[in-house]
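Chain by chain, the residues:
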Amino acid sequence: MKIQLELNGDPHYVDIEPGESLLSLVRRLGAWSVRSGCDVGDCGSCTVLLNGRPVRSCITFAAKAQGGSVTTVEALGTPQALHPLQEAFLEAGAVQCGYCTPGMVLVAYDLLTRVDDPSADHVLRAIAGNLCRCTGYRKIVEAVRLAARRKAEGRWR
Amino acid sequence: MRLQGVVRYHRARDTEEALSLLAGYEGRGALLAGGVDVARSPRRDVEGLIDIAGAGLSHVKLTERGGLLLGATVTLTELVESRVAAQYCGGVLVETLSLFSAAPLRNMATLGGAVVSAHPWADVPTLLVALGAELRWTDGMERKGSLEGVYAGAFRELFRNAVLTEVRLPPCDGGFAFYKLRRSAADVAMLNAACGLGVAQGRIAWARIALGATPTRGRRLPWLEELVQGEVPGAELWEEVAAQVRAKLDTGDDRRATGEWRRKAAGPLVARALAQAVERAR
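These protein sequence lines map, in sequence, to chains A and B.
Residue numbering for the first sequence follows our numbering, starting at 1 and increasing by one per position.
Residue numbering for the second sequence follows our numbering, starting at 1 and increasing by one per position.
Hints listed in this document are in silico derivations from the structure and should not be mistaken for laboratory results.
The structure presented is a predicted model; accordingly, all values stated were derived computationally and were not measured.
Incorrect hints may appear among the rest.
Calculated lysine to any residue pairs in the SDA-like style (CA-CA distance at most 25 Å, straight line) [as the list claims (entries may be wrong)]:
1) K2(A) - R183(B)
2) K139(A) - A185(B)
3) K2(A) - E17(B)
4) K139(A) - R183(B)
Construct the entire structure; sequences and hints are all you get.
Rendered as structure tokens:
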């Protein structure tokens, strides 16, 4: 079957398998930041934004993206021009092996879209469904709060 | 994604079309709205997926008498963010759903999915049973029944050939509270409790108490409801509740907790929920 969607702002009209996951589709389309982890929606490494909201792409049928927009970290920044949130992750030392990082960044981005000044507890609740294999949660919380301060200073896009 | 043999994905425009498509697959079709549980389903026989998210079942309405009508395909996030749902029963529905897993799952999971999947550890069945929810569904005929009654029967078989259309919550004239015990914010419950009661002339006039993840699905405890009815709410009664639950509750082991731990923890959990419900009822 064919579906139409926007991936990181680019329109696509693609063939999908009826039971294909959104994770499989976005990786086929080149968004390799989206990681396959548990494959049952528990770990959060496959998180993408579907129509602006985070979802677990491993348990989201690709067909659900029909007519919608999908955003991955590829749309936030590039290695040459990181997004302020990505810069905050680097500065806070919130990246260890990096496997969970794209998912963490996207749930943090969603949080900061809705909450201007999240507390540490608020951040912990927001990332609670995303597992860091290195257990570096404290640095991730610091990074998100650093990014919130940058946003308040107008350093955001 | 566990489903491997899917050959077609349909988008049903209404329940009639969904039922027609479902019948065509003769047991090898599956309905989905958010798709969270279907994607994780161990079923190997599914050939056709029938998406009912666009079938016009996503309403959230307050009735004139203060009840709540909820379309089966409304997502948990839509409910958490709904001003209408927040007005119902002191906000207990919104409060409970906001404790459900993490935002990425709430964004896809639907109320109907939670009701039909009815996982033993799930919060939604426990709360809805306590609230006295009624279901509407269609299998070609429009049907209705209490959630408790549906769960007492072969409901998994029922919803293989029927579309759940609406969950109705009755007007709420008391106070309700929901508590769960879990390891982290995104974890499923090791125990959950939903309690509601009304207070008249300083005594408990009625009570509805449901306990879930025991490790079985949420169900009411009529013997405990009888025990508290007519009593004066307070620390003495909550101690008695905790003791009775510990003595009488039938619990079991699973990978999350032992039955013995559940028996010890359930009493204080129920007592805490009842105490909060009293505050809300006053």
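Going down the list of hints, with the structure as the test:
This hinted pair does not check out: K2(A) and R183(B) have alpha carbons roughly 42 Å apart, beyond 25 Å. Of the supplied pair hints, the one linking K139(A) and A185(B) holds, its CA atoms being roughly 18 Å apart against a limit of 25 Å. Distance restraint check for K2(A) and E17(B): the Cα-Cα separation of roughly 21 Å lies within the 25 Å cut-off, and the hinted pair is therefore satisfied. For a cut-off of 25 Å, the pair hint linking K139(A) to R183(B) stands: about 21 Å separates their Cα positions.
The structure fails to meet hint 1 from the earlier list, while all remaining hints are met.
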